[in-house]
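So the protein sequences, as listed, match chains A and B. Quick note: the first sequence uses our numbering, first residue 1, plus one each step. Quick note: the second sequence uses our numbering, first residue 1, plus one each step.
Everything labelled a hint here was simulated from the structure, so no lab data went into it. The C-beta atom is built at its ideal place from N, Cα and C for all residues, glycine as well. Among these hints, one or two may not hold up.
Which stretches of chain B does chain A cover? Using the computed rule of at least three CB atoms under 8 Å from a CB of chain A, they are [what the hints assert, rightly or not]:
{"#": "1", "stretch": "3–17"}
{"#": "2", "stretch": "198–208"}
Each pair of labels, with its calculated beta carbon distance range [to be verified]:
{"#": "3", "chain 1": "B", "residue 1": "Leu-122", "chain 2": "A", "residue 2": "Ala-84", "range": "35 to 43 Å"}
{"#": "4", "chain 1": "B", "residue 1": "Pro-49", "chain 2": "A", "residue 2": "Glu-323", "range": "31 to 39 Å"}
{"#": "5", "chain 1": "B", "residue 1": "Gly-45", "chain 2": "A", "residue 2": "Ser-27", "range": "34 to 42 Å"}
{"#": "6", "chain 1": "B", "residue 1": "His-40", "chain 2": "A", "residue 2": "Asp-21", "range": "26 to 34 Å"}
{"#": "7", "chain 1": "A", "residue 1": "Leu-53", "chain 2": "B", "residue 2": "Lys-124", "range": "54 to 62 Å"}
{"#": "8", "chain 1": "A", "residue 1": "Gly-15", "chain 2": "B", "residue 2": "Glu-9", "range": "45 to 53 Å"}
{"#": "9", "chain 1": "A", "residue 1": "His-40", "chain 2": "B", "residue 2": "Gln-19", "range": "44 to 52 Å"}
{"#": "10", "chain 1": "B", "residue 1": "Thr-179", "chain 2": "A", "residue 2": "Glu-292", "range": "40 to 48 Å"}
{"#": "11", "chain 1": "B", "residue 1": "Arg-81", "chain 2": "A", "residue 2": "Asp-44", "range": "54 to 62 Å"}
{"#": "12", "chain 1": "B", "residue 1": "Pro-49", "chain 2": "A", "residue 2": "Ala-84", "range": "33 to 41 Å"}
Number of protein chains: 2
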Amino acid sequence: MRLTKTVGEYLLGFGALQQVDRLLPKSTRQSGERVYLIDHFFYDGSLLPRLPLLKKDRVLYIDTTDEPTTEQVDAITAQLRSDAPPQAILGIGGGSTMDIAKAVSNLLSNGGSAADYQGWDLVKVPGVFKVGVPTISGTGAEASRTCVMMNHAENLKLGMNSDHTLFDRVILDPELTATVPRNQYFFTGMDTYIHCIESLAGRYRHALADAFSHQALAVCREIFLSGNMQSDEYREKLMIASFLGGSAIGNSLVGLIHPFSAGLSMVLHTHHCVGNCIVLNAMDEFYPREVEEFRRMQESQRVALPRGLCQGLADSQYRALYEATIIHEKPLANALGDDFRSILTFDKVAEIFRRM
Amino acid sequence: MRLTKTVGEYLLGFGALQQVDRLLPKSTRQSGERVYLIDHFFYDGSLLPRLPLLKKDRVLYIDTTDEPTTEQVDAITAQLRSDAPPQAILGIGGGSTMDIAKAVSNLLSNGGSAADYQGWDLVKVPGVFKVGVPTISGTGAEASRTCVMMNHAENLKLGMNSDHTLFDRVILDPELTATVPRNQYFFTGMDTYIHCIESLAGRYRHALADAFSHQALAVCREIFLSGNMQSDEYREKLMIASFLGGSAIGNSLVGLIHPFSAGLSMVLHTHHCVGNCIVLNAMDEFYPREVEEFRRMQESQRVALPRGLCQGLADSQYRALYEATIIHEKPLANALGDDFRSILTFDKVAEIFRRM
């Protein structure tokens with residue numbers, strides 16, 4: 001039985017970002033410096049008119065070309081450590097930017113390097129006050145208690161799982177997702193769908209997580225099996241579904257898809273969300289109904305999946321994919337039981353990857 | 001656009017109450033006094049073995065024969081004020097007990113009388129640390145930002161609507177609902193159903209509240225249209241639905257049923273939850289599909305509704321019922337528009353009450 005902590009304060013609605021000042025503690029409005037970490041997608045400055053920037057505030061654009069790394073988090077933290085510590089950190093972007101904001105907040109208060117805290121409940125004290133602002137819906141990073149980073153030295157992809165990783169506040173502003181490219185909108189939205197089907201198919205059960213997952217799935221079905229997934233109404237609904245999916249996953253576990261997708265990220269640098277979709281599409285034997293539904297959604301939205309990703313790789317690459325997948329024991333055991341290695345042999349795992 | 005605050009920390013599961021110490025701030029475990037306000041249903045002491053009572057702790061049983069009143073809250077607060085202020089207040093019971101715990105917590109910090117804070121956002125500073133523990137599911141009091149009290153001097157039934165009214169922590173322990181009498185289980189569970197149908201039928205929309213309401217309704221349908229509504233599984237699910245319904249209503253508004261039910265409480269001392277059911281059953285013209293579904297649930301669970309409640313009343317009583325109903329402008333306007341008085345004339349309101 002786990003004491004569950006969720007983000008307890010949020011502002012929701014079209015244009016909510018412009019009211020960010022209402023979410024910040026009063027102290028930061030007067031004297032303190034606020035740091036805005038913004039996805040480089042907005043490097044053209046198009047977000048700045050929406051932000052109530054004060055003289056002392058700093059804006060850093062985050063390069064999210066690749067998945068976040070521990071080195072990247074350490075570098076940003078070092079840059080911020082050279083000055084007086086900021087009063088608040090705002091992460092404005094997708095899962096990568098929000099995860100980096102969460103990690104930097106924790107590091108500024110706890111010291112050390114990002115890799116020191118990869119694992120479960122290793123963060124000792126609360127981070128700097130942090131606000132999450134998704135500009136694309138699906139990852140649930142705005143609501144989850146983790147921030148996932150690649151650690152190339154250790155050859156792993158793992159998060160700082162901790163109650164301290166949760167954002168203090170969240171802004172859900174559907175205006176911000178109006179400019180998301182079509183394919184990316186679909187792949188990232190599917191992250192919520194995949195979280196929830198994995199969670200509901202697992203052995204580990206949590207009644208509130210189940211309720212959140214069921215509702216998030218209902219919304220995903222409405223959005224992605226219909227006409228225009230990017231309408232104002234559906235963009236707002238997908239933002240809610242993402243928040244619910246993130247809340248669910250904080251009390252449950254993913255299944256087979258996320259470990260395989262983490263393997264793709266580690267070895268082939270595939271981005272998380274499109275990687276999830278590629279993996280799901282090769283999982284007929286484990287999630288037959290969901291794969292079928294996913295393909296109908298894809299058809300309905302006319303989004304094509306990259307093909308042939310893992311064909312013709314060297315044996316050493318299949319070995320690396322296997323290693324980077326099988327290391328995720330908790331979700332694999334959630335899906336298949338403690339004996340998951342007897343099902344996911346090297347040959348089986350390689351066969352699944354070859355289908356992608 | 002409202003900054004939403006919800007209960008951010010909760011412990012969920014069979015037997016969770018026995019772990020209440022994990023939810024209390026450390027300071028209260030060492031020196032402070034904790035006050036347990038417990039519904040008089042447990043006056044036989046049957047809950048005490050589940051509580052980690054310390055020497056200084058106090059247990060007060062709350063008489064919930066009638067709906068909570070401002071006088072009752074003032075009396076309990078005065079009793080607690082005579083000693084050093086408690087470090088934490090735990091409200092263990094149904095909506096009445098939890099609402100009293102919330103009100104007492106606010107009063108101990110803010111001074112004055114309960115009636116001073118009936119209304120919207122009148123509570124100035126955070127109350128004493130408070131934990132909600134429902135022992136019956138449905139009211140959503142464990143998650144809502146209000147605590148409703150009858151104020152007989154002012155002839156109104158109104159809550160302290162405030163972010164400070166929210167519990168700091170909640171314990172959801174389905175073991176506690178095992179002893180609820182069958183009819184009361186049904187009527188109280190229906191409070192969630194009614195919250196959600198009212199919220200979804202209103203003009204005021206909030207995307208997250210809608211998501212919570214849809215899921216809570218799906219769970220209510222599963223539980224009450226099926227066989228044994230009081231099975232372990234369904235008791236756990238109803239506890240979740242109640243929490244979701246309470247979270248929804250914090251971001252939305254009720255409709256016609258709650259104002260009429262408040263009228264019944266004020267004039268005829270009808271309890272909130274059975275009152276809601278009686279009102280819903282007379283609302284065919286406003287909620288036709290829901291009334292039909294409600295009757296199927298009643299049939300499925302073989303629960304009879306009190307009849308003839310408002311037949312043969314004096315004219316002055318119909319007038320009092322009308323006044324106590326029509327005063328609830330916000331929910332009535334949410335349901336019918338600002339012009340609600342042209343629909344809900346005295347004759348119309350009296351006609352609806354006569355059907356009950």
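Verification of the hints:
no. : hint                                 : in the structure
1   : 3–17                                 : holds (count 13)
2   : 198–208                              : holds (count 3)
3   : Leu-122/B with Ala-84/A: 35 to 43 Å  : holds, 38 Å
4   : Pro-49/B with Glu-323/A: 31 to 39 Å  : violated, 51 Å
5   : Gly-45/B with Ser-27/A: 34 to 42 Å   : violated, 47 Å
6   : His-40/B with Asp-21/A: 26 to 34 Å   : violated, 47 Å
7   : Leu-53/A with Lys-124/B: 54 to 62 Å  : violated, 31 Å
8   : Gly-15/A with Glu-9/B: 45 to 53 Å    : violated, 30 Å
9   : His-40/A with Gln-19/B: 44 to 52 Å   : holds, 45 Å
10  : Thr-179/B with Glu-292/A: 40 to 48 Å : holds, 45 Å
11  : Arg-81/B with Asp-44/A: 54 to 62 Å   : holds, 60 Å
12  : Pro-49/B with Ala-84/A: 33 to 41 Å   : violated, 53 Å
Going through the hint list in order, the structure does not satisfy hints 4, 5, 6, 7, 8, 12.
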